[in-house]
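S.K.: Just need the whole structure built from these sequences, with the hints factored in.
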Amino acid sequence: MLLATFKLCAGSSYRHMRNMKGLRQQAVMAIGQELNRRAMGGPNPSTWISQVRRRSSLLGSRLEETLYSDQELAYLQQGEEAMQKALGILSNQEGWKKETQQDNGDKVMSKVVPDVGKVFQLEVVVDQPMERLYEELVERMEAMGEWNPNVKEIKVLQKIGKDTFITHEMAAEAAGNLVGPRDFVSVRCAKRRGSTCVLAGMATDFGNMPEQKGVIRAEHGPTCMVLHPLAGSPSKTKLTWLLSIDLKGWLPKSIINQVLSQTQVDFANHLRRRLESRPASEARC
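In full-length UniProt numbering, the protein residues as written are 1 to 285.
The hints are simulated quantities; they were obtained by calculation from the structure and are not laboratory data.
Here are the simulated lysine to any residue pairs, SDA-like style, with alpha carbons at most 25 Å apart:
| hint | residue 1 | residue 2 |
| --- | --- | --- |
| 1 | Lys98 | Val116 |
| 2 | Lys97 | Ala268 |
| 3 | Lys98 | Thr240 |
Just so you know, these numbers come straight off a predicted model, no measurement behind them.
M.R.: Okay, here's the thing in structure tokens:
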């Protein structure tokens, strides 16, 4: 309890957190109560004081000079939540049913997840190193509309820290225009851990991007893409894409299922063509 409270109090002493209403007062009151409790009877104070000092040192080394507002901190937390939820769904191997499998091994599976609904999982192997996929899917995210016909446009509305983005995506009509124009406002979080990269996201609210006339505001999430070198073939990449979308509006489930599974199959094909047509040196320009 004290360690967590001290983190909050220590953070509030930084310039970018001083304006949070009530934050410092609450933190100081809480830590004071905890100190009083420990003074009335508890373990040797030298133990927890040294722990607090170590934690506070780590906290200080990790904090950046970026000025985070309350809303930005909420977006950071939302991005982390999206990642944890999506990875939790992928980690559960039970209940998946095959939707489709291509001759090249690409396959789409699906299952119904409580409180989320039906989700789709694409598994493919791409004959390119992970760095190339990372460049195209993360660093060049806004260029996706150039090579994926299912996406009209992606714009990064705001970047928060090193790995969190607020994006607006315009999707193309699908299923012979049975699925009309949709757009999405999402918080996305990209994390790299060793040789694995995860790009996760979910729907969010962004005041500067209200709903547009004639376009249905659909919702992502939780969703994620996981990239890592193929075991035994580091020059190839295994890509796993968890897709969860509420398209809103009135649409038969059969059409929704067909559109989403086909969207994933098409994405893998378009991605391969993009990677083959743009050499790595050109992609870095």
